[in-house]
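For chain R, the structure is supplied; the task is to place chain V on it using the hints.
2 protein chains.
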Amino acid sequence: MTETIEDFYAVIPAGGIGSRLWPLSRADAPKFLHDLTGSGHTLLRGTWDRLEPLTGPDRIAVVTGRAHRAAVEGELPGIPDRNVFLESEPRDSTAAIGLAAAILVRREPDVIIGSFAADHVIRVPHLFDWSVRQAVATAREGYICTIGIQPSEPSVGFGYIKKGEGLIIDGAPEAALVDSFVEKPDLETATEYLMARSYLWNAGMFISRADVLLAEIEANQPELHAGLIELAEAWDDRDARGPVVDRVWPTLTKIAIDYAVAEPAAAKGRLAVIPGHFDWDDVGDFASLSKLNSGGRKENLAILGSNARVLADAASGIVVSQTPRVISVIGVKDIVIVDTEDALLVTTTEHAQRVKGVVDALKLTGRGDVL
Amino acid sequence: MTETIEDFYAVIPAGGIGSRLWPLSRADAPKFLHDLTGSGHTLLRGTWDRLEPLTGPDRIAVVTGRAHRAAVEGELPGIPDRNVFLESEPRDSTAAIGLAAAILVRREPDVIIGSFAADHVIRVPHLFDWSVRQAVATAREGYICTIGIQPSEPSVGFGYIKKGEGLIIDGAPEAALVDSFVEKPDLETATEYLMARSYLWNAGMFISRADVLLAEIEANQPELHAGLIELAEAWDDRDARGPVVDRVWPTLTKIAIDYAVAEPAAAKGRLAVIPGHFDWDDVGDFASLSKLNSGGRKENLAILGSNARVLADAASGIVVSQTPRVISVIGVKDIVIVDTEDALLVTTTEHAQRVKGVVDALKLTGRGDVL
Numbered sequence: 001m002t003e004t005i006e007d008f009y010a011v012i013p014a015g016g017i018g019s020r021l022w023p024l025s026r027a028d029a030p031k032f033l034h035d036l037t038g039s040g041h042t043l044l045r046g047t048w049d050r051l052e053p054l055t056g057p058d059r060i061a062v063v064t065g066r067a068h069r070a071a072v073e074g075e076l077p078g079i080p081d082r083n084v085f086l087e088s089e090p091r092d093s094t095a096a097i098g099l100a101a102a103i104l105v106r107r108e109p110d111v112i113i114g115s116f117a118a119d120h121v122i123r124v125p126h127l128f129d130w131s132v133r134q135a136v137a138t139a140r141e142g143y144i145c146t147i148g149i150q151p152s153e154p155s156v157g158f159g160y161i162k163k164g165e166g167l168i169i170d171g172a173p174e175a176a177l178v179d180s181f182v183e184k185p186d187l188e189t190a191t192e193y194l195m196a197r198s199y200l201w202n203a204g205m206f207i208s209r210a211d212v213l214l215a216e217i218e219a220n221q222p223e224l225h226a227g228l229i230e231l232a233e234a235w236d237d238r239d240a241r242g243p244v245v246d247r248v249w250p251t252l253t254k255i256a257i258d259y260a261v262a263e264p265a266a267a268k269g270r271l272a273v274i275p276g277h278f279d280w281d282d283v284g285d286f287a288s289l290s291k292l293n294s295g296g297r298k299e300n301l302a303i304l305g306s307n308a309r310v311l312a313d314a315a316s317g318i319v320v321s322q323t324p325r326v327i328s329v330i331g332v333k334d335i336v337i338v339d340t341e342d343a344l345l346v347t348t349t350e351h352a353q354r355v356k357g358v359v360d361a362l363k364l365t366g367r368g369d370v371l
Numbered sequence: 001m002t003e004t005i006e007d008f009y010a011v012i013p014a015g016g017i018g019s020r021l022w023p024l025s026r027a028d029a030p031k032f033l034h035d036l037t038g039s040g041h042t043l044l045r046g047t048w049d050r051l052e053p054l055t056g057p058d059r060i061a062v063v064t065g066r067a068h069r070a071a072v073e074g075e076l077p078g079i080p081d082r083n084v085f086l087e088s089e090p091r092d093s094t095a096a097i098g099l100a101a102a103i104l105v106r107r108e109p110d111v112i113i114g115s116f117a118a119d120h121v122i123r124v125p126h127l128f129d130w131s132v133r134q135a136v137a138t139a140r141e142g143y144i145c146t147i148g149i150q151p152s153e154p155s156v157g158f159g160y161i162k163k164g165e166g167l168i169i170d171g172a173p174e175a176a177l178v179d180s181f182v183e184k185p186d187l188e189t190a191t192e193y194l195m196a197r198s199y200l201w202n203a204g205m206f207i208s209r210a211d212v213l214l215a216e217i218e219a220n221q222p223e224l225h226a227g228l229i230e231l232a233e234a235w236d237d238r239d240a241r242g243p244v245v246d247r248v249w250p251t252l253t254k255i256a257i258d259y260a261v262a263e264p265a266a267a268k269g270r271l272a273v274i275p276g277h278f279d280w281d282d283v284g285d286f287a288s289l290s291k292l293n294s295g296g297r298k299e300n301l302a303i304l305g306s307n308a309r310v311l312a313d314a315a316s317g318i319v320v321s322q323t324p325r326v327i328s329v330i331g332v333k334d335i336v337i338v339d340t341e342d343a344l345l346v347t348t349t350e351h352a353q354r355v356k357g358v359v360d361a362l363k364l365t366g367r368g369d370v371l
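From first to last, the protein sequence lines are chains R and V.
Numbers 1 to 371, taken from the numbering used here, label the letters of the first sequence in order.
Numbers 1 to 371, taken from the numbering used here, label the letters of the second sequence in order.
Be careful, since some hints might not be right.
One copy or any two copies: either way a pair holds, since identical chains are not told apart in the list.
Capping the alpha-carbon separation at 27 Å, the derived lysine-lysine pairs in DSS-like fashion look like this [stated by the list, open to error]:
hint, residue 1, residue 2
1, Lys363, Lys333
2, Lys254, Lys298
3, Lys333, Lys298
4, Lys184, Lys356
5, Lys298, Lys162
6, Lys363, Lys254
7, Lys162, Lys333
It is worth saying that the hints were derived from the structure and are not from the lab.
Isolated chain R, as found in the complex (with noise of 0.2 Å):
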């Protein structure tokens, strides 16, 4: 398992601030620049230490907007030049990663690619290697095939992907039709899916042929997809790209991947999916932060920031610590301290789904300098 896989291209979105681990993700300091586990390493480096044993250090592309570009080429020193996309404005996953698509099926027209968000925690590198080669392995079959996690518990913080009947693929034994995607459920619901086993975590990866990918997006956004074409044509053209990009990328349809790929092509029979089984986590607000640095134990208080000087007593929860400050935390539980420069947040796991709600007050109330 440690051989690269040939035709297989990464990509990696590296867009999106994490409004809701404000005042920690910031617009300038995105939440995949941020190590959120503890680790040493930034979580777009975690994506990249996952996927460069599969493709190699030349065969991974990241879409970032232009502001990231030096933090992105600083965290990720191996990759070369021509594979860092800049957006010159966030248009959506489909836009981003189609455009992946068209500029990669030009240099090689057979390449599969894989899109991966930069800002998710995995842990089990090698079940995650081998759900993304089974993963590979259907897409050579024309399948658009995704990766569903297995559920751990009955988590109504995700969409879920029902799985369908099963595919008989070479070097793809777990591989299945996908029956449909399911909004968030309440907890009945997800207690259900979980004892069910046949439903999945929909973490968003997408395996495929670039040209099946562009043909799905041909399918249901046809100008989406032309504007793309457009901008793959004089992308390795340094002369031609500036002016192209400059007139096609702010028209493009902002639109997810999930509706403008997945869905139509799920309906379609089109769409497969390999169920991983490894911890999977988009730490997608304070609570899941909390969580994943706790050790699993809720009594605990979670610290992170290297250089973070706290003093608890009879408290549990998360504290990030990006000042030098002390920082005394007494008889809160389940408690959110979020210490930066230029912003305090207090809240508690229970309440982190509130936090997008302040980062849109600030914007209202015209104190968006903190954001």
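Leaving out everything else, chain V in the frame of chain R:
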């Protein structure tokens, strides 16, 4: 009631850091130098403003540490130089008030002094005024007189004074003997005290002839008394004072005036009490500070800090902001957040008393830089 009291001198002991208000209150910025009510002036200044109508500006003395001289004089520009009594180190309240008594009695043998803490909050000043005038009238009769606060709720946070037999004193219709002092009670007992109406909160205010106070100190603490007399004899002689202070002050017995004066005087039937009908709080901890600043409404989030930038959603308690940072508070009840340049405290009003333990822990673990 607008005339000053001719033979009266007020003494403000301004010592004590207020450890339970850390990190707001510090060694170099003790409680009395803070505005804890949003009034726009410090507690020390508030104390001065309350006393000045009773004494005039030339008859208020402040006993404080050398380190606080500049700050005290800055807050009280009207105070005469000779009325700032500087301690070389804290030696508890009997030394502080006794020193003032010993100095003032040499200047004016029949003087009546009243000592009032620099860091208490009192509302309804005309009722305070009326209590002090009664206490002075009682002191003229040779009693040591305290002002006990008529409880407004069954507090378990204060010591109580049990009122005894009424006294018949001209100008002091409410004067009574003190039967005894009672330690902080449990809630049930405090409720009985509230119903009984003969139990008053011990607010540490003592009014008496200076010579009577000194005689009581002499009877109970003869060595301490001798030291105070020696200090006072040298005090108003600029050349003599320094060496005597250096030699004698560090040897003075550290004892609270409650033990050295009030309890023995009560036992001898020489301690009188005037009930205070004004709002009073010693702002002993953040629970008290929160209550004081929330307009009496438990569901409010009180905000203290002239430049506070607080965004709150479903939060109650108190935020003290001493930095320009945006503070976002979501879904926390009875929270206490104190945000200062080098230290942050997060606790709840319920655990406010435990803050002192943190201060001790910071000392022990070598983080005294933030105290």
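Here is how each hint holds up against the structure:
With identical chains, the CA atoms of lysine 363 and lysine 333 are at most 27 Å apart between copies only, with a shortest distance of 25 Å across copies and 30 Å within one. In this homomeric assembly, lysine 254 and lysine 298 never come within 27 Å of each other (Cα to Cα): the closest approach is 39 Å inside a single copy and 46 Å across copies. Taking the shortest alpha-carbon separations for lysine 333 and lysine 298, both the intra-copy value of 9 Å and the inter-copy value of 20 Å come in at or below 27 Å. For a Cα distance limit of 27 Å, the shortest separation of lysine 184 from lysine 356 inside one copy, 18 Å, qualifies, whereas the shortest one across copies, 46 Å, does not.
Within a single copy, lysine 298 and lysine 162 get their C-alpha atoms no closer than 30 Å, and across copies no closer than 48 Å, so neither meets the 27 Å cut-off. Only within a single protomer do lysine 363 and lysine 254 lie at most 27 Å apart by alpha-carbon distance; the minimum there is 22 Å, versus 56 Å between protomers. In this assembly of identical chains, the alpha carbons of lysine 162 and lysine 333 never lie at most 27 Å apart, being 36 Å within a copy and 40 Å across copies at closest.
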